[in-house]
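Peer 1: Sequence:
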Amino acid sequence: MNIQESIITGIQLAFQNIYNHDVSMDQLSLAPTRREFEGTYTFVVFPYLKVTQSTPEATANQIGEYLKANVAVISGFNVVKGFLNLELNQLIWLEVFKELYTNKALGQLPANGQKVMVEYSSPNTNKPLHLGHLRNNFLGFSVAEILKANGYEVTKANLVNDRGIHICKSMVAYQHWGNGETPDSSGLKGDHLAGKYYVIFDKEYKKEIEGLVALGQSQEDAKKNAPLLLEAQEMLRKWEANDEEVVTLWKQMNSWVYEGFAKTYEKMGVDFDKFYYESDTYLLGKDIVEEGLEKGIFFKKENGSVWVDLTEEGLDEKLVLRGDGTSVYITQDMGTADLKYNDFKLDKSVYVVGNEQDYHFDVLFKIMKKLGRPYGKGLYHLSYGMVDLPSGKMKSREGTVVDADDLMQEMVDTAAHHTKELGKIDGFNEEQADELYETLGLGALKYFLLKVDPKKRMLFNPEESIEFQGNTGPFIQYSHARIKSIMRKAEQIGVDYENPDFSDITSLEESESSLIFLLGEFHKKIKMAGEEYSPAVIAQYLFDLAKEYNRFYADLPIFHEDNHSILAFRVALSALTAATIKKGMSLLGINVPERM
RNA sequence: GGUCCUGUAGCUCAACUGGAUAGAGCAACUGCCUUCUAAGCAGUAGGUUUCAGGUUCGAGUCCUGACAGGAUCACCA
939 MNIQESIITG
949 IQLAFQNIYN
959 HDVSMDQLSL
969 APTRREFEGT
979 YTFVVFPYLK
989 VTQSTPEATA
999 NQIGEYLKAN
1009 VAVISGFNVV
1019 KGFLNLELNQ
1029 LIWLEVFKEL
1039 YTNKALGQLP
1049 ANGQKVMVEY
1059 SSPNTNKPLH
1069 LGHLRNNFLG
1079 FSVAEILKAN
1089 GYEVTKANLV
1099 NDRGIHICKS
1109 MVAYQHWGNG
1119 ETPDSSGLKG
1129 DHLAGKYYVI
1139 FDKEYKKEIE
1149 GLVALGQSQE
1159 DAKKNAPLLL
1169 EAQEMLRKWE
1179 ANDEEVVTLW
1189 KQMNSWVYEG
1199 FAKTYEKMGV
1209 DFDKFYYESD
1219 TYLLGKDIVE
1229 EGLEKGIFFK
1239 KENGSVWVDL
1249 TEEGLDEKLV
1259 LRGDGTSVYI
1269 TQDMGTADLK
1279 YNDFKLDKSV
1289 YVVGNEQDYH
1299 FDVLFKIMKK
1309 LGRPYGKGLY
1319 HLSYGMVDLP
1329 SGKMKSREGT
1339 VVDADDLMQE
1349 MVDTAAHHTK
1359 ELGKIDGFNE
1369 EQADELYETL
1379 GLGALKYFLL
1389 KVDPKKRMLF
1399 NPEESIEFQG
1409 NTGPFIQYSH
1419 ARIKSIMRKA
1429 EQIGVDYENP
1439 DFSDITSLEE
1449 SESSLIFLLG
1459 EFHKKIKMAG
1469 EEYSPAVIAQ
1479 YLFDLAKEYN
1489 RFYADLPIFH
1499 EDNHSILAFR
1509 VALSALTAAT
1519 IKKGMSLLGI
1529 NVPERM
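The opening position of the first sequence corresponds to residue 939 in the working numbering, with each subsequent residue numbered one higher.
Think of the hints as simulated: they come from the structure by calculation, not from any bench.
In the DSSO-like style, the derived pairs of lysine-lysine whose C-alpha atoms are separated by at most 27 Å in a straight line are:
1) Lys1019 <-> Lys1006
2) Lys1212 <-> Lys1224
3) Lys1212 <-> Lys1189
Required output: the full structure, derived from the provided sequences and hints.
Peer 2: Structure follows, in C-alpha cells:
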C-alpha cells in the first residue's frame, strides 16, 4: 500500500469530478506538512486556480471535502491560505509499519537489469594517500553501494596510475639517495617510502634550479635544464623502451607501494572488483584517433597533431594526439572507455574524480558521444570539491598534506580517548574495545566527509578535531547501540517482537507515527541518493531518523509500558529503526556497533 | 580575459528541486540521570539567504548584472 499514491489518485479524481479537468499523476505532488501545522501531507492548490476558477481557500476546501469523503486514509483536513493540510487516520501508520516490518528486502530496490561501473580511488603510485583521497574513496565506495541498493549490477574499478614522469622522479631520487633502503629495513610502509623519495626529488631539483639561476639561466630555462629532471625524462624513455634495469626498479618500487595501499584500503574498508593499470592502457586509444579521422570528427594539423573541434558544443579545439604520434591523457581515456565497455557491457559508467578535471571529462564525454558510442549517454563524472586546510590547498610535493594513514589512526585514538573518558568499556575485552574504537573513529571520519554535498568543497581543520556529538557518525552509531540494548533486554524478559500482536493498539503517539513516517521514507531516499549520486542524502536521512528515534526513546520509556501488546510493538518499532540505521550506514561504508 | 563551480546563524551543513514564519549540529546559556546507555532529550538566544534588478499568486531556489572565493583554459596527468 502506498499512501501518497492513493491520495494523489484521489486528488486526480477530485479534479475530474469537481472541475471536469484531467491532471496527470506526475504533475501532482504532495509535500510533508510542516511541523507547526496539523496534518501529514500538504497539497498546494495555487497552481490550479486557473482550472478551478475559484479562490485558493475555496478550492482547497472543495478538494479537501472530496478527499475526506472518498479516500479512506484521510480523516480530516484544514486549510491555511492555499495550503490543504491532510490529516490521516492515525492507525494507517500501524498498517504502514506492518508492511515495512515484514519486508525482507529492507533497503534493497528490485534489480533493474542495468550494469554500472564506478571507478574511484585511482591513485598515483609515487606517494601515499592523503585526505583528498579519503573523500574520493569514501564517496566512490558509498556511491557504488547506493547504486547496488538501487538495483544496479555494480563493478567497482580502480584505474591505477602506475607509470609516468612522477613515478620516475621517485625512482631517480631512490637511485641517488636510497642506499638500497626497503620497507623492511626502514620500517616505512611502502607507499610512504616511495613518497619520501618523491619529496627528496623535489627538494634536490629545486636546489639544482637555484644553482642554474645563479649561473645566469632564466628560471624557465633552469626548470627545463636541471639534470635531475632530464634524468627522470630519460628514465621514462627507457621505461617505455622496456629497459630491463629501469623496469626492474619500477616493479620493485610499485610492489612496495601496492603493499602499502592494500593496508590503507583495508583500514578504509573499501574494495574493488577490477583493477586497471595505466601501464597496460596508456597506449590505447590510437585506433580511436584513426576512427575519428576516418569519420571526419577529428582533423589533422600541418605538424601531424590530431584535434577535435568542439566549438559547436561550446568548448574549444582540443588535442587528441601529439604531432609525434604519442598519446596525451585524453587519448588513453578514450581507449579505456572502450575497454571498460567491452569488458562489462556497461549501461552506465561513473568516474569519481575531483572537480579540477571537469573540463577534461566534459571533453571526453562529448567526444565519445560524437563518435556514436552506445554507452556515451551513460557516462557520468561524479565531480567532487577539494578538501582544503585552513592554510589553503594541500601540496604533496611540499609535504603540507594530511596523510590518510595518520588521520585514520588519529581518529581511532580520539575515539578510544572519548570512550574511556565516558567509561563505556565495561565488559569489553581488549580486542572488542579496539574493534569499537576502530568502528567509531572511522565512522566519525567517513560521516564527516560524506554528509556534505559531494560537489561542494569543504574545509578540514586538523586543530578542531572531528566531533563525536550532534550530527556525526558516532551519534547515529550510538542510537543503534542503544536500540540493540533494548532488544537484548526484550529477549531476556521474553518479549516476542518478531511476531507482535497489534490487536490492542487503538491509537498511536505522535512520536511513534513520526518515526514510522520516516522509516517509510527510506527507499525514497535511496532512490534519490542514487539519482543524484549523493551519499549526503543518506547521511542526512540517517541523522533525522536517529534524532526522531531518540525523541521517541525519551518520550516513551518502553519497559514502563504495562500493555504487552504496546510494549512489543514499541520494541518492534525500535528493531526496525535499528535495521534501517544499520543498512543505511552500510550504504555509507560505516559499521555500527552492538554496544558502545 | 573566456568557461565552469560555490556564496545561507560566529563555525560546519540542511531546505523534499518554485511553496507557509529558512531548519539542524557545534560553540554560549537553562533544565532533565532512585537505572530501557546523558556520545542522549527538552528549551533560550543567534538570519536583510553576498549585493542590485527581473520573472509570478509566491524566489535561498529560475533569469540578468555586479562582488567575493575556487577550479580550469598545455603537444602535463
